[in-house]
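*Asks:* Given next are the chains, with one letter for each unit.
Number of protein chains: 2
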Amino acid sequence: MDKNINIVIDTVGGDNGAAVCVSGAVKGVNNNPGIKVYLVGHKKELEGFLMEQDYDKSQIEVIDATEDISLNEPPVKAVREKKDSSLVKGLTLLKEGKADAFISAGSTGAILAGGQFVVGRAKGVKRTPLAHLLPTSGEPSLLLDCGANVDVKPEVLVQFAEMGSIYMKEVCGVKNPRVAIANVGLEEEKGNAQVKAAYEVLKEKKTINFIGNIEARGIPYGKADVIVADGFVGNTIIKLYEGLSKMILKELKGAFLASFSSKLGAMLIKKSMKKTLLKFDASNKGGAPLLGLKGLVVKIHGNSKENEVISAIDQCVSFIKNDVSGKIIKGFEDSEEE
Amino acid sequence: MDKNINIVIDTVGGDNGAAVCVSGAVKGVNNNPGIKVYLVGHKKELEGFLMEQDYDKSQIEVIDATEDISLNEPPVKAVREKKDSSLVKGLTLLKEGKADAFISAGSTGAILAGGQFVVGRAKGVKRTPLAHLLPTSGEPSLLLDCGANVDVKPEVLVQFAEMGSIYMKEVCGVKNPRVAIANVGLEEEKGNAQVKAAYEVLKEKKTINFIGNIEARGIPYGKADVIVADGFVGNTIIKLYEGLSKMILKELKGAFLASFSSKLGAMLIKKSMKKTLLKFDASNKGGAPLLGLKGLVVKIHGNSKENEVISAIDQCVSFIKNDVSGKIIKGFEDSEEE
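First to last, the sequence lines map onto chains A and B.
Quick note on numbering: the working numbering labels position 252 of the first sequence as 252, and the sequence is numbered without any gaps.
Quick note on numbering: the working numbering labels position 137 of the second sequence as 1137, and the sequence is numbered without any gaps.
Treat the hints loosely; a few may be bogus.
In silico EDC-like links for lysine to aspartate or glutamate, alpha-carbon gap of 16 Å or less [stated by the list, open to error]:
id, chain 1, residue 1, chain 2, residue 2
1, B, Lys1270, A, Glu251
2, B, Lys1294, B, Asp1323
3, B, Lys1246, A, Glu251
4, A, Lys196, A, Glu215
5, A, Lys246, B, Glu1251
6, B, Lys1271, A, Glu251
7, B, Lys1153, B, Glu1200
8, B, Lys1169, B, Glu1139
9, A, Lys271, B, Glu1251
10, B, Lys1077, A, Glu189
11, B, Lys1279, A, Glu251
12, A, Lys203, A, Glu189
13, B, Lys1246, A, Glu215
14, A, Lys274, B, Glu1251
15, A, Lys196, B, Asp1151
16, B, Lys1082, B, Glu1067
17, A, Lys305, A, Asp15
18, A, Lys246, B, Glu1242
19, A, Lys279, B, Glu1251
Residues from chain A shown here face chain B by an in silico Cβ test under 8 Å; the list is partial [claimed, not checked]:
id, residue
20, Ile237
21, Lys239
22, Met247
23, Ile248
Hints in this document: simulated from the structure, not taken from any laboratory.
Quantities reported herein were computed from a predicted structural model and do not represent experimental measurements.
The beta-carbon is built from N, C-alpha and C at its ideal position, and this holds for glycine as well.
All chains, please: the whole structure from these sequences, using the hints.
*Replies:* Pasting the structure below:
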C-alpha cells in the first residue's frame, strides 16, 4: 500500500542527537511496510545505532554528510555554503525526486531557507507557510503561518487559508474544516488593512468553509480548525502558547510542593492530571509542515524524541498518500483560471 | 496629601452594574482622604446605593446621565451622538479640567473613541496606546498597545516604549524598567519592517533602558518590564493570555473532578493552588490606562468587581501624584528638540 514512499530524515541538529532519529525511523518503517527511509548524517554513528535495531534492511539507507549547520549560523549563508550538510543533502534528494518528504529537528531558519532555495516553491504558490497543530480543549487546530513570512499581502493570506483547509481535510481527516482569520475582533470591519482585504476575498470563496474572524482568546477553545495569520502574528501565537502553558504548569508544580498536604494531594491527582497534560504535549501531533513547496518538508521540535519522529513519519505517509501537494497546486491553478 | 485629585467613575456598562462602582468608590475615598469621586450614571440608582454607605459626603458627587451606550453599538457613532451618556459626560469633565482621571468598565471601543474625540491627544503624542499589566512568574509586565492602534509606524512604537517606561517607573515603582519589542526572534535583524525600524531608533535612546527584542515565549517569565507592540500583536497577546490561562485551568479543574481520589487530592492542594491562581487574577492589578491623552483614562475589565474599582482609584492617584502625563509630554517635547 505504502509502496514508493521515500522519506528523508535529517539526523543532525536535534537536541537529542541521532539516536532518537534512528529508533524512530526503525519503528516508522516497521509500522509502514512499503516505505523507505533515508537517514542523512554522520554515517559511522548512524550505522552504529542501526546495528542494535531489528528491521527490514531494504527499508533504511544511510547517507553520509560531513558538514554540520549549527543553530546560530545565519541560515541562508549556511544553506548556500554547506553543500555537504545533512540538511542540504537531504533536501537535494527531495528536489531530485528521489524522496517525497523530508523531516528535520534542526534549525528552523535553515529549514525554511533550504526549503526555498534547494526545493523551491510549487507552481502558483506565492509564499510557503509553516503550519503548526495547536492543542485546544477540543481537537487540535492548524495555525499558519507560524513564522516563515513576516510581511505578507492579503492574497498570500488567502492562499494560506486554502492550503490549511486542504491539509486538515486530507492529513487530519477533518470534514469541511472551519477556516478563520486571527483578528482583534469578530466583526468583519475589524483588523488591519491586510486582514480586512483577505476577509473580502475569503467570504466569497466557495472551496473553503470560511467562518470569519477568530479572536486569540477563542483559539484555545478550538473555535476554528484552520487559523490564518501572517508569520509575525502566527509566530507570536505559537510561542506564547508554548511559554504560557509551560509557565502555568511550572507555577502549579511549585504550588503542589508548598506543603505536606499539598504534596499528598498532588499524588492523588497525578493520574488524572497527566491525562490533561498529555493534551498539551506536542510530541504525538507530528511536526510542522512547510506547505507549498515542490516536496514535503516537515520541521519537528528541536527537543523531539523517538515518538515525534514516528508521528512525523506517519504524517508524511498520509500527506503523500492523499497527494496533498498535488491538491494544493491544483487548487491554485483552478483559482487562477476563474 | 491627595488634595485636588478628582476622579470620575462611569457607573454604566460594566457586567456587575453600578453597585460595585459605588462600593468601590466609597472604599476608594475612605483610603484616600484628599480625593473626590464623581459617580456618573443613573442618579436615583446611585443615590440609593450610596444611602447604605458610610463616607465623607464631600468626597463623592453623583452626576446624572440619561443615555446608555451598549457593547454592540458602533463606538464612534455612539460617542458622537449620545452626549448625555455616562461615558461622554464623564470624559467631558476630564476635558474641561474638572477631573484628572476617568475610570470605566464599559465598551472598550467606546472608551477608545471617547478618549480620542472628547478628551484628545496630548501635545507631541502621535497615537494613544492601551496599556495592560500582564501577570508573569515574576513581577507584572506592561504590554502596550493592546488594541487601540492596529496599523502603526515605527516612530509610534518608539513613543509607546517611552510612555511605557515612564508609566512603569512612576506608577509601578520599577527602577530603570527593561523595555523590549515583541518580535519573532531575539536578534536585531529579526522581524517585519516596522519593528526593525523601531529597533534602530530605540537602541540609540539614552532615556530608556532598551534591552532589545522579546519573543512571546519569554513574556510569561517576565523577561521585560515594558513590552512594545502594535495594537494588532498586543491585542493578540493579551487575548491569548486570557483565553489560554482560563482554558488550562478549566481543563485541570475537570481533571480534578475525574475520580474520588483526585477530588480528595484537589481538596488538599486547594490552598496552595489558590495562591498561584491569584497571581493570574487581573483584579488586583488595576485597570488598563489609555496613555498619551490630555487626561488619564483607565479601562477596567467588563466584569470588574469592587476590588478592581478600588485598585483603579489607587492607580489613578499614583498616576496623578507623580504627574505621569506631564512627564510623558515633557519627554516628547525634549525629544523633538534633539
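*Asks:* So, for every hint listed, does it hold in this structure?
*Replies:* The hints, checked one at a time:
1. Taking the CA atoms of lysine 1270 (chain B) and glutamate 251 (chain A), the gap is near 14 Å; set against the 16 Å cutoff, the hint holds.
2. Taking the CA atoms of lysine 1294 (chain B) and aspartate 1323 (chain B), the gap is near 12 Å; set against the 16 Å cutoff, the hint holds.
3. Distance restraint check for lysine 1246 (chain B) and glutamate 251 (chain A): the Cα-Cα separation of roughly 15 Å lies within the 16 Å cut-off, and the hinted pair is therefore satisfied.
4. Distance check on the hinted pair: lysine 196 (chain A) and glutamate 215 (chain A) sit about 14 Å apart at the alpha-carbon level, within 16 Å; holds.
5. Between lysine 246 (chain A) and glutamate 1251 (chain B) the alpha-carbon distance is near 15 Å, which keeps this suggested pair within the 16 Å criterion.
6. Taken as a hint, the lysine 1271 (chain B) and glutamate 251 (chain A) pair is honoured in the structure, with Cα atoms around 14 Å apart against an allowance of 16 Å.
7. For the proposed pair lysine 1153 (chain B) and glutamate 1200 (chain B), the alpha carbon gap of about 13 Å is at most 16 Å, so the pair holds.
8. With a C-alpha separation of about 13 Å, the suggested pair lysine 1169 (chain B) and glutamate 1139 (chain B) falls inside the 16 Å cut-off, and the hint holds.
9. Under the criterion of a C-alpha separation no larger than 16 Å, the hint pairing lysine 271 (chain A) with glutamate 1251 (chain B) is consistent with the structure, at around 14 Å.
10. Distance hint between lysine 1077 (chain B) and glutamate 189 (chain A) is fulfilled; the C-alpha atoms sit about 15 Å from each other, no more than 16 Å.
11. Using a Cα cut-off of 16 Å, the hinted pair lysine 1279 (chain B) and glutamate 251 (chain A) holds, with the two alpha carbons roughly 10 Å apart.
12. Proximity of lysine 203 (chain A) to glutamate 189 (chain A) is assessed by CA-CA distance (about 13 Å); at most 16 Å being required, the pair is judged to hold.
13. With a CA separation close to 15 Å, the supplied pair lysine 1246 (chain B) and glutamate 215 (chain A) stays within the 16 Å bound.
14. Between lysine 274 (chain A) and glutamate 1251 (chain B), the direct Cα distance comes to roughly 11 Å. Compliance with the 16 Å bound is thereby established for this hinted pair.
15. At roughly 12 Å between alpha-carbon atoms, lysine 196 (chain A) and aspartate 1151 (chain B) fall within 16 Å of each other, so this suggested pair holds.
16. Taken as a hint, the lysine 1082 (chain B) and glutamate 1067 (chain B) pair is honoured in the structure, with Cα atoms around 6 Å apart against an allowance of 16 Å.
17. Among the hinted pairs, lysine 305 (chain A) with aspartate 15 (chain A) is consistent with the structure: their alpha-carbon atoms are about 9 Å apart, no more than 16 Å.
18. At roughly 15 Å between alpha-carbon atoms, lysine 246 (chain A) and glutamate 1242 (chain B) fall within 16 Å of each other, so this suggested pair holds.
19. Our distance criterion of 16 Å between C-alpha atoms is met by lysine 279 (chain A) and glutamate 1251 (chain B), whose separation comes to about 10 Å.
20. Against a cut-off of 8 Å between C-beta atoms, the interface hint on isoleucine 237 (chain A) holds, since the closest Cβ of chain B lies about 6 Å away.
21. A distance limit of 8 Å between C-beta atoms decides the matter here; for lysine 239 (chain A) the minimum to chain B is near 4 Å, and the interface restraint holds.
22. A least Cβ separation of about 4 Å between methionine 247 (chain A) and chain B falls short of the 8 Å threshold, and the interface hint therefore holds.
23. Annotation: isoleucine 248 (chain A) was flagged as interfacial toward chain B, and the flag holds, the nearest CB pair being 6 Å apart, inside 8 Å.
The structure meets every hint from the earlier list without exception.
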